[in-house]
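Undergrad: Sequence:
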Amino acid sequence: MAYFEHEGCNLHYEEYGHGAPLLLVHGLGSSTLDWEMQIPALSARYRVIVPDVRGHGRSDKPRERYSIAGFSADLIALMEHLNLGPTHYVGLSMGGMIGFQLATDQPQLLKSLCIINSAPEVKLRSRDDYWQWFKRWSLMRVLSLGTIGKALGAKLFPKPEQADLRQKMAERWAKNDKHAYLASFDAIVGWGVQERLSKVTCPTLIISADRDYTPVALKETYVKLLPDARLVVIADSRHATPLDQPERFNQTLLEFLTAVDTTTQDH
Numbered sequence: 001m002a003y004f005e006h007e008g009c010n011l012h013y014e015e016y017g018h019g020a021p022l023l024l025v026h027g028l029g030s031s032t033l034d035w036e037m038q039i040p041a042l043s044a045r046y047r048v049i050v051p052d053v054r055g056h057g058r059s060d061k062p063r064e065r066y067s068i069a070g071f072s073a074d075l076i077a078l079m080e081h082l083n084l085g086p087t088h089y090v091g092l093s094m095g096g097m098i099g100f101q102l103a104t105d106q107p108q109l110l111k112s113l114c115i116i117n118s119a120p121e122v123k124l125r126s127r128d129d130y131w132q133w134f135k136r137w138s139l140m141r142v143l144s145l146g147t148i149g150k151a152l153g154a155k156l157f158p159k160p161e162q163a164d165l166r167q168k169m170a171e172r173w174a175k176n177d178k179h180a181y182l183a184s185f186d187a188i189v190g191w192g193v194q195e196r197l198s199k200v201t202c203p204t205l206i207i208s209a210d211r212d213y214t215p216v217a218l219k220e221t222y223v224k225l226l227p228d229a230r231l232v233v234i235a236d237s238r239h240a241t242p243l244d245q246p247e248r249f250n251q252t253l254l255e256f257l258t259a260v261d262t263t264t265q266d267h
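So in the UniProt record's numbering the end of the sequence shown lands on 267, straight run, no missing numbers.
Any given hint might turn out to be false.
Distance condition first, Cα-Cα at most 20 Å in a straight line; then the derived SDA-like pairs of lysine to any residue [as the list claims (entries may be wrong)]:
no., residue 1, residue 2
1, Lys-159, Tyr-213
2, Lys-159, Glu-171
3, Lys-123, Thr-104
4, Lys-159, Arg-47
5, Lys-123, Leu-28
6, Lys-178, Ala-44
Quick list of simulated restraints, FRET-style, between CB atoms [unchecked claim]:
no., residue 1, residue 2, range
7, Phe-134, Leu-218, 19 to 25 Å
8, Glu-171, Thr-264, 38 to 44 Å
9, Glu-161, Gly-190, 18 to 24 Å
10, Ala-69, Asp-228, 33 to 39 Å
11, Ala-69, Met-140, 19 to 25 Å
12, Phe-134, Ala-163, 31 to 37 Å
FYI, nobody ran anything at the bench for these hints, they're computed from the structure.
Yeah, the Cβ is synthetic: ideal placement off N, Cα and C, and Gly gets one too.
Assemble the whole structure, with the sequences as input and the hints as a guide.
TA: Spelled out as structure tokens, the structure:
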């Protein structure tokens, strides 16, 4: 367990294993615990660095406006703090958005990019978009985080044999700081770097669950905008793919990373 400071905020991260650096970045309302099924498999080959994004987990939760660009700046500071050099980046959901931001702002910092169940923009365009956003925004303000966690757990892990995951989700969600959670949600809405995706120069793997919140078609659209990207769809999975299909996910990611490392060694 380690901490570093960036712009007056203490940020928590963990490190495992040795080798080329690999950054695992969690989603909204989550923490380093998102990656418990990945760390053993990945740290056997890589130096795995798992941060808690500002406002999450064991990192400070300053009462201020958050932004995806700000989260990205925190991670760039962490990479400098650890003197990492070009790094493999893996981001889930909001962590994927932070990855897109980082890869378009500072492409030279990344060796590869893996985006899971995410998108390069969250823009409200139609009346329905605004209505859905308003509904979520209002519910999040009136409901307790425990209630939200239970509902999310039931949605993400609906199978009888996933009772454990549902339970974990409800417990972990309840521990969020409500102010930081809402500030992070607000940071996502209206954000986007889709018009700059041609700047992402590193090999990119887009992973989509077949039953993610947003359709696979959305990912197919933005994969075409990336210079060096491919899409893998993971079957029988919802938004939390690293938790509901860990073996398939780990295998897919490790094959991609190995291919990237082999190619860069040849150059």
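Undergrad: Within 18 to 24 Å or not, the Cβ separation of Glu-161 and Gly-190?
TA: Hint violated: Cβ distance 38 Å, outside 18 to 24 Å.
Undergrad: Quick check: does the Cβ-Cβ distance between Phe-134 and Ala-163 fall within 31 to 37 Å?
TA: About 33 Å separates the Cβ atoms of Phe-134 and Ala-163, which means 31 to 37 Å holds.
Undergrad: Between Lys-178 and Ala-44, is the straight-line Cα distance small enough, at 20 Å or below?
TA: 36 Å, violated
Undergrad: For the range 38 to 44 Å, tell me whether the beta carbons of Glu-171 and Thr-264 fit it or not.
TA: At 41 Å between Cβs, range holds.
Undergrad: Could you tell me whether the CB distance from Ala-69 to Asp-228 stays inside 33 to 39 Å?
TA: 24 Å, violated
Undergrad: Does Tyr-213 sit within 20 Å of Lys-159, going by the straight-line distance between their CA atoms?
TA: 17 Å, holds
Undergrad: Holds or violated: Lys-159 with Arg-47, Cα cutoff 20 Å?
TA: 34 Å, violated
Undergrad: For a C-alpha distance cap of 20 Å, please report whether Lys-159 and Glu-171 respect it.
TA: 18 Å, holds
Undergrad: Is Lys-123 close enough to Thr-104, meaning Cα to Cα at most 20 Å?
TA: Roughly 18 Å separates the two Cα atoms, so the pair holds.
Undergrad: Lys-123 and Leu-28 were given as a pair; does the straight-line alpha-carbon distance stay at or below 20 Å?
TA: Holds. Lys-123 to Leu-28 sits at ~17 Å (cutoff 20 Å).
Undergrad: For the range 19 to 25 Å, tell me whether the beta carbons of Phe-134 and Leu-218 fit it or not.
TA: For Leu-218 against Phe-134, whose Cβ atoms are near 21 Å apart, the range 19 to 25 Å holds.
Undergrad: Taking the Cβ atom of Ala-69 and the Cβ atom of Met-140, is their distance within the range 19 to 25 Å?
TA: 22 Å, holds
Hint compliance for this structure: hints 4, 6, 9 and 10 are not met, and every other hint is.
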